[in-house]
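Work the whole structure out from these sequences, hints included.
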Amino acid sequence: MHAFILAGGFATRLWPLTEKRAKPLLPLAGVPLLTHLVEKIPAGIPITVSTNARFAEDFEEWKHSRHAERSEASQSEAERSRSTSQGSEESAPNSMRDASTPPLQGSAQHDVSILIEDSGHEDEKLGALGAVAKWIVEEKIDDDVLLLAGDNYMGFSIASFIERFTGKPLLAAYDIRSKEAAKKFGIVLTENSSNASGTIRVTGFQEKPAEPQSTLISTGCYLLPAESLQELMSFSQSHPDNIGGVFEHFLSEGTEVECVSFGEPWFDIGSFDAYLEATKVLVGERVLRGEKTLERDTEFHGSNVIGDNSKIARSTLTNVVLFEHCEVEDCVLENCIVDDGCILRGVDLSGKMLRAGTHLVQR
Amino acid sequence: MRRIFLTIIWLITDALIFVGAYSVAYFLKVGWIFSSDLPFETFFTATLMTVGGWLIVMITMRNLALSRIQMSPRNFAYIAYACIIGMAGFALSFYFLKQTLFSRLLLLLAGTLSLIFVCMWHILFDQIQRRILRMNPPTYPLLVIGTNREAERLIEKLQRKRSPIVPVAILDGKGTSKTNIDGIPVLGKLDKLEQTIDEKKITHLVQCDQIEHSLNLLSVCRSKGITYMLLPYTLGIIEDRVPAEALEGKQVVAVPRGTSRLGWFFR
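Protein chains in written order, with our numbering: chain A, 1 to 363; chain B, 1 to 267.
Don't take each hint at face value.
[Claimed, not checked] Dumping the calculated DSS-like pairs for lysine-lysine here, alpha-carbon to alpha-carbon at most 30 Å: (1) K178/B / K352/A; (2) K179/A / K168/A; (3) K192/B / K63/A; (4) K201/B / K20/A; (5) K292/A / K20/A; (6) K178/B / K20/A; (7) K174/B / K20/A; (8) K200/B / K157/B; (9) K311/A / K224/B; (10) K179/A / K280/A; (11) K201/B / K174/B; (12) K174/B / K224/B; (13) K178/B / K183/A; (14) K352/A / K200/B; (15) K184/A / K192/B; (16) K280/A / K189/B; (17) K183/A / K174/B.
[Said to hold, decoys possible] Between beta-carbon pairs, the in silico distance windows are: (18) K183/A / R134/B: 46 to 52 Å; (19) S67/B / V332/A: 34 to 40 Å; (20) K174/B / V332/A: 28 to 34 Å.
[What the hints assert, rightly or not] Here are a few chain B residues that face chain A, going by a calculated C-beta distance under 8 Å: (21) G175; (22) K189; (23) L190; (24) D191; (25) E194; (26) L215; (27) N216; (28) S219; (29) V220; (30) S223.
Calculated from the structure, these hints are not laboratory results.
Each residue gets a CB set at the ideal place from its N, CA and C atoms; glycine is no exception.
Put into structure tokens, the structure is as follows:
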């Protein structure tokens, strides 16, 4: 099996957070979204991250820093094992978490390669399915393919998803439990009962319907058997950007499609609201602090993330994500995402997303 | 650079026209013979003493501003105020030089001629200036944010009036199927903002849509030294006149309630 992560989008809806970074590299609860995803993929599965030329360097940097962190973590783990055996209780360093934050799940070493699409802008990109097809051809992939959307946070276990694979095209579905909320997504229509392997047979799809027939929505997690890749490639020629459509195509061609339904948190980080909502769920009612943060006379409410080297004084923060090197003084911030290097003094902001380097200083 | 050069030329020519108008008034009233009662030399010296102050009044009234429509009642009114102050300044200067006053009719004629000549020159110079500032590459390239009908109206107006601020590119936060408006290309979404600003050497940005991005557009403009403008329509204001006023010194955008023309002065 080979995992392919789609990270080639330009995330224009999340401007200006994605002005200088790709959406999968956005920190979610202090950790890049892509790291959350990669850590969930079982060890031994080679991973290809497909990105565009504009963000290629950032992904390479992410890969190297992740490798360095992994090496450091392994070293610390070894040291901790030694000291634990000697009776010491000292904990390993952790980049961003409070005392109650669990470390990321999984500690698998992954073979990650970065595939760069030859596109510098949205209007030049291949399309998600087009990128998969190109990769299959160029890398001569003849294996089962685990296809993942790089901008999704998946709370469920990908290992458990893979375990249910029976050789038929498989997708992960999330029960959003609200028909109103389901209207914004692709709906998966299924039979009522699951089979022995725990999968449910898919009977149809609805794309962002006005009246959803189900609350089961398609996530960005798919498993394609090697035999279906030829069909995928021919479909991609006419629909290069319709990744969900390939499953609809399988059904219309008489190929059985299965799904696994999960109830764990799942987020498509495509908008300001989704990003903040995901942060609230992952962080909970607490403050997640980075390294070298300074706080003075500050009140926190709800879920807050404070990035490395950020300083806050005489302020009230409610559901705020503060990136690195920010300075906040005498401010009231509510439901805000503040990018790197912002300086805010004497301002009240609500529901705002601030680009890196914004200076708002009330004189 | 073009604008600085044009402004210097404008100031020099305005000064010459002011002095010229007063000289013409002298010769029309006194005749082509230099009078011994009202020596031209003293008259001319008083005019030269006045012209600097008059230019300062013109500048402070923003009569040489790029955004000022020269052929408008408002502009004529401002030039008239400046010329009245010019007349007062001239009378005072003359009195200081000669310890006596002179023909009131000559003063009125000089003031009237200065008003007429300056207004005519400003209309003409504005046309010349627009032509020079619009020459490729334009001195003030404008980036338009938004593709709604208000943006279309603005672009059409700027093109039709041959504005010195020339729209060169459009970006739309939501994405649009439009490829151009009135010949101005729609280059994509806001992720192309910095690239467009750098490539097109943008000096002015006008936001016509999506008020939620104002904070970040302002941030980009501040960091790159670009003039930011916002169509009042974006805030839901559809009134023609939206003056910036002050509440106890704090600046506010005012949408006055329907008052009479006289009420405008006292609101």
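For each hint, the structure was consulted:
1. Using a Cα cut-off of 30 Å, the hinted pair K178/B and K352/A holds, with the two alpha carbons roughly 28 Å apart.
2. Of the pairs offered as hints, the one joining K179/A and K168/A holds, with about 28 Å between alpha carbons and a cut-off of 30 Å not exceeded.
3. At most 30 Å may separate the alpha-carbon atoms for a hinted pair to count; K192/B and K63/A meet this at roughly 26 Å.
4. Note on K201/B and K20/A: the hinted pairing holds, with a Cα-Cα distance of about 20 Å set against a maximum of 30 Å.
5. Under the criterion of a C-alpha separation no larger than 30 Å, the hint pairing K292/A with K20/A is consistent with the structure, at around 24 Å.
6. A distance of roughly 26 Å separates the Cα atoms of K178/B and K20/A; the hinted pair therefore holds under the 30 Å criterion.
7. With a C-alpha separation of about 19 Å, the suggested pair K174/B and K20/A falls inside the 30 Å cut-off, and the hint holds.
8. Taking the CA atoms of K200/B and K157/B, the gap is near 21 Å; set against the 30 Å cutoff, the hint holds.
9. Taken as a hint, the K311/A and K224/B pair is honoured in the structure, with Cα atoms around 26 Å apart against an allowance of 30 Å.
10. Of the pairs offered as hints, the one joining K179/A and K280/A holds, with about 22 Å between alpha carbons and a cut-off of 30 Å not exceeded.
11. Between the alpha carbons of K201/B and K174/B the distance comes to roughly 23 Å, so the proposed pair stays at or under 30 Å and holds.
12. Using a Cα cut-off of 30 Å, the hinted pair K174/B and K224/B holds, with the two alpha carbons roughly 23 Å apart.
13. Under the criterion of a C-alpha separation no larger than 30 Å, the hint pairing K178/B with K183/A is consistent with the structure, at around 27 Å.
14. About 28 Å separates the Cα atoms of K352/A and K200/B, which keeps this hinted pair within 30 Å; it holds.
15. In summary, the hint linking K184/A to K192/B is supported, as the alpha carbons are separated by about 26 Å, within the 30 Å threshold.
16. Proposed proximity of K280/A and K189/B is supported: the alpha carbons are some 28 Å apart, at most 30 Å.
17. Taken as a hint, the K183/A and K174/B pair is honoured in the structure, with Cα atoms around 20 Å apart against an allowance of 30 Å.
18. Judged by the Cβ atoms, the range 46 to 52 Å given for K183/A and R134/B holds: they are separated by roughly 49 Å.
19. Checking the proposed 34 to 40 Å range against S67/B and V332/A shows it holds: the Cβ atoms sit about 36 Å from each other.
20. Distance hint for K174/B and V332/A: a CB-CB separation of about 30 Å, consistent with the stated range 28 to 34 Å.
21. With 8 Å as the threshold, the beta carbon of G175/B comes within range of chain A, its nearest partner Cβ sitting at about 7 Å, so the hint holds.
22. Given the 8 Å rule on beta carbons, the hint for K189/B holds: about 4 Å separates it from the nearest Cβ of chain A.
23. With a cut of 8 Å, the hint placing L190/B at the interface with chain A holds, because the nearest CB-to-CB distance is about 4 Å.
24. Because the beta carbon of D191/B sits about 5 Å from the nearest beta carbon in chain A, less than 8 Å, this interface hint is met.
25. Look at E194/B: its Cβ gets to within about 7 Å of chain A, closer than 8 Å, so that hint holds up.
26. At about 6 Å, the closest approach between the beta carbon of L215/B and any beta carbon in chain A falls short of 8 Å, and the interface hint on this residue holds.
27. The beta carbon of N216/B comes within 4 Å of a beta carbon in chain A, closer than 8 Å, and the hint placing it at the interface holds.
28. Given the 8 Å rule on beta carbons, the hint for S219/B holds: about 4 Å separates it from the nearest Cβ of chain A.
29. The restraint placing V220/B at the interface with chain A holds, with a minimum CB-CB distance near 7 Å, inside the 8 Å limit.
30. For S223/B, the interface hint holds, the least distance from its beta-carbon to any beta-carbon of chain A being 6 Å, beneath 8 Å.
Checked against the numbered hints above, the structure breaks none of them.
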